Structure formats: C-alpha cells, structure tokens
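Undergrad: Taken in order, these protein sequences are the chains called A and B.
Taking the working numbering, the leading residue of the first sequence gets 1, the next gets one more, and so forth.
Taking the working numbering, the leading residue of the second sequence gets 400, the next gets one more, and so forth.
Warning: the hint list may mix true and false statements.
Below are the DSSO-like pairs computed for lysine-lysine, each with C-alpha atoms no more than 30 Å apart in a straight line [to be verified]: (1) B:Lys-839 with A:Lys-397; (2) A:Lys-39 with A:Lys-91; (3) B:Lys-739 with A:Lys-219.
Now the stretches of chain A that chain B is said to cover, found in silico as 3 or more residues with beta-carbon under 8 Å [unchecked claim]: (4) 93-99; (5) 132-139; (6) 232-241; (7) 344-358.
These are calculated hints, taken from the structure and not from any lab test.
Being a predicted model, the structure only gives us computed values, none of them experimental.
From the three backbone atoms N, C-alpha and C, an ideal C-beta is built for every residue, glycine too.
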Amino acid sequence: MALTPDEGDRDKVRSVSVDLNNDASLLIDIPDALCERDKVKFTVHTKTTLRNFQKPEFSVPRQHEDFIWLHDTLVETEEYAGLIIPPAPPKPDFESPREKMHKLGEGEASMTKEEYAKMKQELEAEYLAVFKKTVQVHEVFLQRLSSHPVLSRDRNFQIFLEYDQDLSVRRKNAKEVFGGFFKNMVKSADEVLISGIKEVDDFFDQEKTFLLDYFSKIKDSTAKAEKMTRSHKSVAEDYIHISATLNSLSAEDTTALKQHLEKLSDLFEKLRKVEARVASDQELKLTELLRYYMRDIQAAKDLLYRRARALADYENSNKALDKARLKSKDVVQAQEHQEQCLQKFNKLSESGKKELTSFKGRRVVAFRKNLIEMAELEIKHAKNNMSLLQSCIELLKSN
Amino acid sequence: MGGVCKMGQKYKSGGKLVENSAVYWLCCMGCLSLSALLAPPTEATEEVSLDSPEREPILSDGPSPAITPVTPTALIAPRAEPNVIMVSGMFEQSLDELEEEAAGDSFDIQISVSDPEKVGDGMNAYMAYKVTTKTSLTVFSRNDFSVKRRFSDFLGLHSKLASKYMHIGYIVPPAPEKSIVGMTKVKVGKEDLSSTEFVEKRRSALERYLMRTVKHPVLLQDPDVLQFLESSELPRAVSTQALSGAGILRMVNRAADAVNRMTIKMNEADVWFEEKQQQFENLDQQLRKLHGSVEALVCHRKELSVNTASFARSAAMLGNSEDHTALSRALSQLAEVEEKIDQLHQEQAYADFYLFSELLGDYVRLITAVKAVFENRMKTWSKWQDAQLMLQKKREAESKLQFTNKPDKLQQAKDEIKEWEAKVQQGERDFEQISKTIRKEVGRFEKQRVNDFKVAIIKYLESLVQTQQQVWRESDWAAL
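Kindly generate the complete structure, drawing on both the sequences and the hints.
TA: Printed below as a string of structure tokens:
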C-alpha cells in the first residue's frame, strides 16, 4: 500500500527534536514514502547552497538499511569519536497493527457491518500513525546530521544524499553483520570499563553518573508510558463496540428510550474519536519524546565509552613508555605513541564536553516544548469531551 | 360463587372472589386467625390441588401463606405480629383493586442496605447487612425501621415470591447471584481490596433488588416482603443452599422446564404475545452484548488507571535523576498530575461499573424472569389443552358406558365429566388471567425499564463530565 504523510499533520508530528531545519545551506526532508509490505522506501529530498554538491536540489530513494549503514559508518569514523552521533532510527515496525488486523478479520462475524467498518478505520489510522512516526524518525536523523557543524560535512553523508543509485553495494555484507555483533559485545565490556575507570575530570565524572542513572530511569518511563498509551487505545476501542450495540438497541426499541439510545450511541462515537486523539497525542508528545531521548542518551553514553577507552589507551601507553625507558628500547616510539594517545584523549575530552553541554540544553528545550504541548492538548481534549457530554445531557433532559 | 372459607364465613357479597392461588386470604371476611386467612376457599382449592403435580414444591419454610395449593393444609402457627392486622384490612379488595390503589399512592418508600458486618468465624461466617426502610405507606407499622439480614435471607425471600407469583404471570425481580469464590474469600478473612469490592458489589446489588421488589405494587403488599423488612427475627432459609433437598428439587424442575420448552407448541391466537416474545428475545441478545462491552470497558479503564499510576511513579524517579532544576521540577509535577489522573480513571471505572454495567446485568437477569413468565403462560395453556383432551376422553368413555348395564360406573363417568368440565373452565380462566396479568406486567416492566435507563444514562454522562472537568483542572499544571 502506498501511504503519503499529509502535510498538515507533519508539522505536528515533527516535534521531538527542536527546529533543526533552519540552516538554509543544507535543507533535508522526506516528503514522500512508499510502504511495500515490510519494506519502506523513503524519498530523501535535499536543497542546498553548498558547492560540494553537484546540484542545488535533488531527491533519492533510500531504504531503512541505508540509514543504518550511514549511522554505523559515522560511528566507526575515528575523527568523530568525540562527537555524539545521532542515534540510528529504529526499524519500521508494523507488527502491532498487522496483528490487530488479523484478529479483526477473525472476529468479523461477531460484529455488525458498521462496527467492523469502524474498527477497520481505526486500524488503518494506526497503520498510518506508525508510518508517519517512522518517516519522522528517519527525517530527524538526517536533520540532526545536517545541522551539526562537523558531521554535515562528512563524505559518506554526502554520498547518502546524492548517490542516485542503489547503495546496497556499500552496505553491510555478512562479515560486517558479524562485526556488528562483535561490536556489541565489546560495548558491554566497555560498560564495565567505564564504571571501573578512575575519572580525572569532575565534569565527566558527574556526567557519567548522571547519564547512567538517567538512562535506566528513562528506559523505565518509556516502557510505562507505552503501556499507558496502549490502555488508552483499548478504552477508545471499547467505545466503538458500545456505540454499535447502542445503535442496534435503538433501532429495535419502540419506547421513549429510542431517542435516548440513539443520542447515546452518537455520543460514544464522538467520544471515541476524542479518546483516540488523546491517546495518540500522548503517544507522540510523551512516549515518543522519552523514546527518542532514551536513544540519544545511549549515544551520549557511547561517547563516554570512547573517551574511557582513549583514557585506558593513554594509561597503557604510559606504562609502555615506562617499560621502554627501563629497557632502553624503542623509547622514541613509545614516547610518540604516548603523545598520540594523550592528544586523542584531550581532543575527545574537549569536544565531548562541548557536545554533552549542548546535548543537555537541547534535551531541556525539547522536554519543555513537548510537555507543554501535551498539557495544552489534554486541556483541549478535556474541554471538547465536556462540551460533547454536556450538550448530550441537555438534549436528553429536554426530551 | 357462594363459597365459604375455612372459618365458615361467606365471601362478602359484591366483593370479588379471586381465584388466583396467591390471594385466598383476600376473600375472607374478618378472619383474624392466620390459619383461616391462609386456608383457601374449600371449593376451588381441592380441585386444583389434585392435578397440579408440576407445580413447584413449597420452598418456603417461614410463616408465609401456603399459597401453592400442592399442600393445601399448611397450617401455620399464628404470628403475633402487628402487621397481620394491617393485612386483614384488605380482605375486601381483589388484587386488581389493590394494584390500582397502590398506583394511586405516591410511591413513598426508600430502602437502603448498609453496614456489612462479618459475623462468626471460619467457614461458618457470614456477612450481616442492615436493611433500613423509610416510608410513609400505611401498610407498615412504623415510618423508619431497620433489621439485620444475611444473604441467604434475601435468597429465601426471592424463592418464596417466585413460587407464589411467577406461575400466575407476575415478573418477580431476580435476586443477586451467589458467588462461592467471593464469599469464601470474605469468610477466610482476607482483608484485601478484592474482597472489599466484592462486599460492596453485593451490598449495592441487594439494595437494588429490594427497591425493585417493593416498587411492584403487588409484591409490596406480600406478607413475606413485609416480614422481611420489618421483623427482627427471620427463620433461616436453609432451602436456598445449593445442595439441600429443595435445591436439588429446583434443579430437577429446571431440567423438566427445559424439556417442556421444547415440546410445547402453542397456537398463538394473540399476536401481541408473539411480538413481545420476539422483542424480548432481541432485547436479551443486545443487552448481553452491551453488557459484555461495558464490562470490557471497566476492565480497560482499571488497567489504564494502574498503568498511569506506574508511569507517575516512574516519572517521579526520572524527575529526581534530572539535574536541570527547572526540568526536574516539571517532571515531578507531571508525576503528581498523572497520579491524580490515575485516581480519576479509577473513579470513572467505578462509575462505569455501578451506573452502567450493573444496570445492564440486572436487566439481563430481569429479562430471564420475563421469559420465564411467558413460558408459564405456555404451561398454563398446555394444562388447559390437556384438560380439554381429558374431558373429551371422559365423554367418550361415558357414551360407551351408555350401552352397557353398569349404573354405578355410568354415574362415576358422569361425575368425572363434571369434574373435568370444571377443570377445563378453570384452565381457561387461568389462561385468560395469566395473559391479562402478563400484559399488565409487561407494560409496567417497559415503563420501569425506560425510566431506569433514562435516569442511569444521565447519571452516567454526568459522571463522565465530572471526570473531564477534573482532568481539565489537573492538566493546567503546565501553565505554571
């Protein structure tokens, strides 16, 4: 099925990270996407005034795996070890709505036609929501890169944006997949390393403690927020069934109750729409926000790991230099090596500090914006609900 | 008619002789002795009693009139209760007149069930509920009084009322259902949330049950109901236990009924009944479905409340970890708000349940009673038809005997014919009466249903409004 995110909603959806696309020299967006069963094809559109690109405006089709390739390449680039690499977008996951669609098909016989049509509509909206979310998350990834002074100039990034043919030749082959697996194992070893190493710098010490703690808390919050949103959606779905049964009751009723039941059925239908909006707004502003920053904090943690590794290297090189001096062998080499490690470590520390500080600022601003927007939307929906309910009550009482 | 009651009193001239088995006591004139009150008029009873083996056996073990004629001589010791005098004042009236009078009275009675108290220990423990009646009706001796009752008392009351009135077409409100699991938890002494909820659910159900019962003008006047509400001591209704002799008999009867339902094919002469039966069938289906959906809603809202609470806790911890002071404060506030909202969800779930779901459950059970009453009409018709067939046979037998020389056998045959002619007439009258009663009852039921639902819908919507109002108030935190 081909679904296109419609323009009006995209601005609402694009809210997790703050105003990234404001540097006119490099503007990226994903105006279009195609969903074919499991594969999503994104159309990446670039507008630029920079001269290192061949054309001022161009579009290329990309798949999710291309984004992952770009992310991993950036992570593996030594030069960027001192930077927070924006987290890779998660794989598009249509599992949940697909399962529900399947269940709906099985339960079709037990529902009226209108009920079935409404449930189907609900599910299609869910499909669309998942689709929009995944487009947004991929877009934000690219925009983070384009707004970063260093990363935006990366050669691979340029290739990603420009290369008008299939990138699969450059993508992971089997060996690299295993490499990735190995990398994860190294990372867990790093976690042990990072907690064990003695920190020389107060700033990093604090950051480390903070980030480790915050990460576990935010992971928990994300999971709980997800559960909450899911319950909300269940309640909205129940309203559909209730509305449909009330409708049938009203159709067969011959007493003064007929009108009451009809109005009540209408009311539940309208309430259901509001509840569904409440659930989806909560999901976008709260759950998505938490989810995104959870991944971002992981990226910050990765930066700390790299720095810790560099520190460990430096300490090792010190020891090697001492040993060389003792043996009076290869002293110059050891000294050079030690200086390199020190330089690398210092560079990482310096850029790391900058990155982490700006990251905090970014996080605070995004949280504030989203939480305020969520509260405002909740108020709007509560008001809406109230006016629907009150007008219905008046109507019924006057009968 | 010119009958005499057991006390030898003639029926009051001009007064109606009501032959419904439920109200023999109305026919007597000024008999104050209970046995006289209760004994049916000699003529009508004996005939009916001989051939109604399918009538349900007496389940009442309390001092109520032995209405079902299976045991016409259920003499009971006279009660020294004041309301017997009240009852006797209605001798001159028929049931119909009673109903009209009651309808004229402004319906002024309020019953509340409260203060559940655990009595006893272990598996013999039970919950005692206080039943308080506030009324200005003259049928009661006081305006404000209360008694202690236990669950089996309510079941006993219902089974007595059902055995007296269901087979003549009155829709007797069903009692709340038994719950072995629920009660066991309470008995064992588990003081947790689910057993408190169970007791509250039951208390509310018992209250609704009593209110429905007294709203029925005929049931309100029934001595069993009056005794239930007023007398301080009530004999224990053991026959309500599931495995008692009476309980087993009930099960057997229910099975027999099921068979009957399949075999009685009635020629419905009255279209009204056919339509109504279909209507109730549809209503039953839809109400069950709606009830299921609302129960799902209650469940999901409870889930939402639990999940919101757990999110609130998590957000609070996140706020604690946050080192940026303003954001930390904001997150803590978010946590507080979500906690309040979870409370709101929980309250709404209770409203969903008590205002909406329980009403639907009650009506699903009530409709079962309505269907039973329609079936009783079919049974009454079937009995009438059987009597007609019997009469036919007797007539044939008599005409055969005409040609033999057996004068005593002939006389016997003639007597039998007379007997069966009377039975046929009685059968016809019973059928007409029950049809008439059902029409009235259905009208009353529908009126009640419309009223109940209208009131409930508005109450429920108002609860939703209240919740939304509070959500709105709480959500305003971000302005700070």
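Undergrad: Hint by hint, where does the structure go against what was stated? Just the numbers, ascending.
TA: Numbers 4, 5 and 7 - these are the hints that the structure violates, sorted from lowest upward.
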